[in-house]
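Undergrad: Since the structure of chain A is provided, determine the placement of chain B on it from the hints.
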Amino acid sequence: MNYQRIVCSLSLILMIIGLSMFFPFLWSIYYGEIEAYAFLLCSGLVFLISLLGYKTTKLEGPFLNKEVFCIVTLAWLLASFFGSLPYLIAGTFTSPADAFFETMSGFTTTGASVLSDVEVLPKGILFWRSLTHWLGGMGIIVLFVALLSSLGTGGVQMFQAESPGGSIIKKLKPRISESAKILWVTYVILTIVETILLCLFGMPFFDALCHSFGSVATGGFSTKNASIGYYHSAAIEWVIIIFMFLSGANFALYYQGVRERSLRPWRRNSEFKLYAFFVVLAAVLLTYNLYPGGSTALGETIRQAVFQVVSIITTTGYASVNFDQWPFFAKTILLTLMFIGGCAGSTGGAIKVGRILVLLKQTIFELQRHLHPRAVFTLKVDERVLEQEKVMSILQFFYIYITLTIAGVIFMSFQGLDFVSAFTAIATTLGNVGPGLNKVGPALNFGFVSAAGKYCLSFFMLLGRLELYTVLVLFLPSFWRKG
Amino acid sequence: MRAIIIGAGKIGYNLAKILAKENHDVVVIEKEEERAKIIEEYLDVEVMVGNGASGALLEKAGIKETGLMIAVTASDEVNMIACMVAKTYGVGKTVARVRNSEYIEEKGQMDKALPGIDVIINPELVTAKEIVKLIDAPEALDVEYYADGNIQLLELRIKSEAPVVNMYLRELKFDYSFLILAIKRHDKLIIPCGKDQLLANDLIFLLAKTKEMVHLEKLFGIKRFRAQRVMVLGGGYTGYHLAKILEGRNYAVKIIEKKYNKCVDIAQNLNNTMVLYGDATDMNFLINEGTGNADVFVCLSDDDKLNLLVSLIVKNLGVKRTIAQVGHSDYVNLIENVGIDVGISPRVLTANEILRFVHKGNNIISVTLLSNENAEMTELIVSEKSQVANRKLRDLHFPSGSLIGSVYRQNQVIIPGGNDELKPGDVVTLFTLPKASGRALDYLTK
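If you're matching them up, the sequences are chains A and B in order.
Residue numbers are given in the working numbering: position 405 of the first sequence equals residue 405, and the series is strictly consecutive.
Residue numbers are given in the working numbering: position 150 of the second sequence equals residue 150, and the series is strictly consecutive.
Hint data in this document are derived by calculation from the structure and do not stem from the laboratory.
Hints may be right or wrong, so weigh each one.
Calculated cross-link-like contacts (lysine-lysine; reagent style DSS-like; alpha-carbon spacing at most 27 Å) [said to hold, decoys possible]:
id : chain 1 : residue 1 : chain 2 : residue 2
1  : A       : K361      : B       : K259
2  : A       : K390      : B       : K244
3  : A       : K380      : B       : K259
4  : B       : K360      : B       : K133
5  : A       : K361      : B       : K262
6  : B       : K360      : A       : K361
7  : A       : K273      : B       : K262
8  : B       : K21       : B       : K446
9  : B       : K87       : B       : K10
10 : B       : K10       : A       : K380
11 : A       : K390      : B       : K259
12 : A       : K273      : A       : K173
13 : B       : K446      : A       : K390
14 : A       : K380      : B       : K244
15 : B       : K211      : B       : K173
16 : B       : K244      : A       : K361
17 : A       : K390      : B       : K258
18 : B       : K211      : B       : K133
19 : B       : K258      : A       : K380
In silico negatives: residues of chain B with every beta carbon more than 10 Å from chain A [what the hints assert, rightly or not]:
id : residue
20 : A74
21 : V264
22 : M274
23 : D420
24 : K446
Because the structure is a prediction, the values reported are computed rather than measured.
All residues carry an ideal CB built from backbone N, CA and C; glycine is no exception.
Excised from the complex, chain A in its bound form (with noise of 0.2 Å):
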């Protein structure tokens, strides 16, 4: 491994992170907080060690795929550990196992949360949650791809580890660097649009920002205890619904569809009916589970289910009830979508509306080949054929995604959880979620947790968001192997 090019690179992801910790520091300048003084030493700090290491190496030469998972992974843990400074300098937090768990949360676009009180917070710190999100929905890397045009395939195998599912989005535009700016500018676009959206109809504009954030990124952080229920707005929840489920969806099918100035792209797309399919159904089975009757009660019921099935499934976490309470049916629909997830190229997390697709189209094969021995089979996915190792690696992905939940289950069951508690926990963090149910659930937070059991958590949410794959690798003793 070329540890110069290493350093160089993450030198160079941290100087974005460094930079974009000015922002809640003009928002502290604002608002005469003293916190400022935080974020203007942690921005100078994170900036001064990132330019040291970008001075001291070069840029050069094609990258190695174990460089690439390197540079991947480290970038995510050391923006994570940077990202963290603010809330432990600030006073936010004593403990640097809360600050990191509320860092990673925020990168990851979890949205879980250690803190039982936010709105106490001074609004730089809350501003720095919703900009983590941000910044981790659309992804760094990408974010990175698309500032330095001059990676090369360098890019094209970051572009990758960070979004493996979303490998459609590579045929954007030749160049790699020019595919991910494109993805950038949709994602400030959609934020553009839902903060004025959400300015029109009541929400102060600092709040406003701060939940198109999360929305877009579909994270899940709110500047407000009772989350988006704070505002018992109608039109305000309905914004966020449609902007969650938007940021849902694969982003390249937004510049199809600019492109050919039709929804051919998304009515083509058997991943986005298919996750519209999810959401219509499970939107429908919730209402009928908690439509309580009368005729003033159906579009209330209707709202809430809504709601809570599109934050789930793309995996963003904002509750406008606290749905800990609903029935068990209910619930288990809600725990049953924290696995499904969002769309490949979209800013949701977990295991993805495309490999569901892909594995319930091979679980037909598989049992059509028991009644036809003979029959070749080959799995398309609109009308692109689907080579056997992609189905493999897709089958694998859900075998490690469902041990891992099983191990992380242990765990947390080990720290003193109880099994709802635990289960839901590592769902929700390996998914990229936010809330569980029970100890965890919408109105509770993950504060009690122990300091092991929130690192534990931080890696599952790490893992999650980066797809399992790229972090998993570095566990394979013959990664660090020389030769």
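TA: Just chain B now, kept in the frame of chain A:
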């Protein structure tokens, strides 16, 4: 008209034979000397040896006076270039055989895809489309449509238990108008009149309105069934095209192919077709795959013997209809006599497709060869100046061996009798035996 044919393979040979019979001056260019000699020996045509895409050779062959260029060598590229070269010399019609579907982008064989080539013929696609017609009407041995599909011509076999057996044609009085253009008995084609009898095992060419055909078939003792399950042997180009068309029409299709790589290749390009990797002569395999329940089994391997054998096996397993591809066109009759329902020869079909285009023009809409080139069906428009216009059919004197099958006038189909008149602008179908075709056409158009 002078015609140049490049490539004296099976199709080139057939075309040369037919065109020479129709009194065209035919020049055949073939690059292999041995093959050229055979043509020279058997056909009344001029033969030259060399590369048909070369301008110098084409000039020697008299390209400047030529009205028709048909390029049917084994190489797509040579065929296309030959046509382009011919077009620069001012040849009126050019036809190229192109097998690689990448060149024609799956638009169909009659598309103007490239400059200089009037028609691109893809033999596999032509064959597949013909088979689709047969599967759509599985009871027939041949199916043709005229007058924008409003008139149907079916070649049907009269069964021994049919109600019409041993009846005289004049006794056949049904509520629907129809015409028996010809009866094929012991490989001989008869143009029948009222005093002819229908015998068991006769093949009849029945012409009627498409929407009334189903009732007529019942009266003739023929059961129409709707095919649903189709099995295909051989995953070559033809099998692939056939499956592609059939799956688009919601047939349940299974393809059997014995090369694994080919299986994977076609499975990637088909959506609902089941591709089976196996040997079609393996009885257990066939039984396991429910071959007996298939409505139609199509054999498309390159080996005539295998097609024959597998057709017989599956017929025995209970398949309702079997269609076999026959490379050697002389065997088509034979194969239909030993229990296989339909034999089709891609060579004849391709030649037909090309002839259809060659004959086009001068009020002629289409020409179809029927019954293995023993009869022709011409669809044409009656012109104002024609001597037959505005005269009753009984007053006309068509050459023997020809008759008017149908008249299509202002979206109305008429199966004409003696009292009907031909009007200018009518689209008529003219059925002729080869010896009468030239004279009958002259009579109609003069």
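Undergrad: Now look at each hint and say whether the structure bears it out.
TA: Here's how the hints hold up against the structure:
no.: 1; hint: A:K361 / B:K259; verdict: holds (25 Å)
no.: 2; hint: A:K390 / B:K244; verdict: holds (26 Å)
no.: 3; hint: A:K380 / B:K259; verdict: holds (21 Å)
no.: 4; hint: B:K360 / B:K133; verdict: holds (22 Å)
no.: 5; hint: A:K361 / B:K262; verdict: holds (22 Å)
no.: 6; hint: B:K360 / A:K361; verdict: violated (49 Å)
no.: 7; hint: A:K273 / B:K262; verdict: violated (32 Å)
no.: 8; hint: B:K21 / B:K446; verdict: holds (22 Å)
no.: 9; hint: B:K87 / B:K10; verdict: holds (25 Å)
no.: 10; hint: B:K10 / A:K380; verdict: violated (39 Å)
no.: 11; hint: A:K390 / B:K259; verdict: holds (24 Å)
no.: 12; hint: A:K273 / A:K173; verdict: holds (24 Å)
no.: 13; hint: B:K446 / A:K390; verdict: violated (69 Å)
no.: 14; hint: A:K380 / B:K244; verdict: holds (16 Å)
no.: 15; hint: B:K211 / B:K173; verdict: holds (18 Å)
no.: 16; hint: B:K244 / A:K361; verdict: holds (21 Å)
no.: 17; hint: A:K390 / B:K258; verdict: holds (26 Å)
no.: 18; hint: B:K211 / B:K133; verdict: holds (16 Å)
no.: 19; hint: B:K258 / A:K380; verdict: holds (22 Å)
no.: 20; hint: A74; verdict: holds (29 Å)
no.: 21; hint: V264; verdict: violated (6 Å)
no.: 22; hint: M274; verdict: violated (5 Å)
no.: 23; hint: D420; verdict: holds (52 Å)
no.: 24; hint: K446; verdict: holds (55 Å)
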